[in-house]
Amino acid sequence: MSPETKDKRLLTRDQMARRAAAELADGWLVNIGIGMPTLVLPHVPADRDVIFHSENGIVGLGPAPADPADYDPDLMTAGKKPASLIPGAAIVHHADSFAIVRGGRLDAAVLGAFQVAENGDLANWKLLGAKGGSVGGAMDIAVGAKQVLIMMTHVTKDGEPKVVKALSYPVTARNSVTKIFTDMAVIAVTADGLVLDELAPGITADEVQAATEPNLRLNDSLKEITV
Amino acid sequence: MKNKRVSSPAEAVAGITDGATVMIAGFGRSGLPEGLTDAICEKGVKGLTVISNNSGTARTGVARMLLEGCVEKIICSFPRASESGVFKDLFDAGKIELELVPQGILAERIRAGGAGLAGFLTLTGVGTELAEGKRTMEVNGAEYLLEMGLRADVALLKAHQVDGRGNLTYRKAARNFNPIMATAAETVIVQAYEEVAVGALDAEHVVTPGIYVDRYCIFHQESQAEI
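In order, the protein sequences belong to chains X and L. Residue 133 in our numbering sits at position 119 of the first sequence; the count goes up by one each step and never skips. Residue 1573 in our numbering sits at position 195 of the second sequence; the count goes up by one each step and never skips.
If you're looking for bench data, these hints aren't it; they were derived computationally from the structure. Computed from a predicted model, the values in this text were never measured in an experiment. There's no promise every hint is true.
[As the list claims (entries may be wrong)] For lysine to any residue, the following SDA-like pairs were computed, each having C-alpha atoms within a straight-line distance of at most 25 Å:
| id | chain 1 | residue 1 | chain 2 | residue 2 |
| --- | --- | --- | --- | --- |
| 1 | L | 1466 | X | 126 |
| 2 | X | 145 | L | 1509 |
| 3 | X | 160 | L | 1596 |
| 4 | X | 160 | L | 1499 |
| 5 | L | 1451 | X | 179 |
| 6 | X | 145 | L | 1504 |
| 7 | X | 179 | L | 1577 |
| 8 | L | 1421 | L | 1509 |
Using the sequences and the hints given, assemble the complete structure.
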């Protein structure tokens, strides 16, 4: 979709990040993936103490320094972008970093995705038909985090639904996603299927359903996303 | 006390032979001993199996080793990346073998190898294409994959401080794979930023005990500001 035809009602990446950040509770340890999820960090409400984990061994990841002169090559996000440490941060080696991940210490992970299936199956590591691929920490994190929160556009650039009945992309982890935050809606993955919890301002439930492959149930208290 | 200090990266890597299996620490350029990887390129070693999280940044580190034909196979979690096209070109041309391993499993396989464990059971990767060919075991009703420990002939590390016994500290998130690779290779070679007197490092702050380290050189890598 070219910029001039883009639907103005769709949430911006920053608005999606703000909504995802609102999901993170006080006291949580949260892993953030690469790309869009890194936008979440500055949007955590100031009254909440959320500690961010980065797979490269940082417990207490802070934002990139405001001045590029302060960039430290030994402090980076999982996406190898500049980062900082919060006061009281800790550094662990890689095996311990993933012991945190698989050992049940992550209250949540915020990840990107190519596709999410209605049973919570996640595809976010490899494009269809790609050779080799790069898996990184995606499989460990999707299996280990108590809540797997997905940030993604609702449809592909070609308008295809990314919330699907069954994955066509290579699987990252089965039954792992708990909630999906898109530019149209917030959708919860439940044992009884997908539930439409929230809508972007001006977007209707019918429009979300039309852009989603599986059936959505409407939450009894369907809300508008606060932007 | 045995003298473990050698004068240069070239002297440090002198014993590495064609066909060796070499662990190379680092996450991106952070914690990656480029003095040692460059020395391997200049020595012209061939047929290496490299165990490393990434495949190099631009044309540096592991990417330079790939470009100069030192590497036959790479065991890696994130070989295809925006920061370097070197691996992709070789892989697409069928000129390098890849064993793709989830990042946390790569770290744990190295930890297991270093701890005298043949392998371990994990949920990571279950139901994905990376489970193909792996043995599975059911424990308490859940299916686990059997992952095998990894060892190498040589580990190449980057440390911040070293003392005459080979005790190591690391700088911030440059720690990453260094402490675990130190435990899992027959010969452990270190590029350190500075040497301090024996006794100057607080025993509580030593991350890698010198018993693991065979030799070290002091080498100041070029600025890595362009991460």
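Verification of the supplied hints:
| no. | hint | result |
| --- | --- | --- |
| 1 | 1466(L) to 126(X) | holds (23 Å) |
| 2 | 145(X) to 1509(L) | holds (16 Å) |
| 3 | 160(X) to 1596(L) | violated (43 Å) |
| 4 | 160(X) to 1499(L) | holds (20 Å) |
| 5 | 1451(L) to 179(X) | violated (38 Å) |
| 6 | 145(X) to 1504(L) | holds (20 Å) |
| 7 | 179(X) to 1577(L) | violated (62 Å) |
| 8 | 1421(L) to 1509(L) | violated (37 Å) |
The structure shown violates the earlier hints numbered 3, 5, 7, 8.
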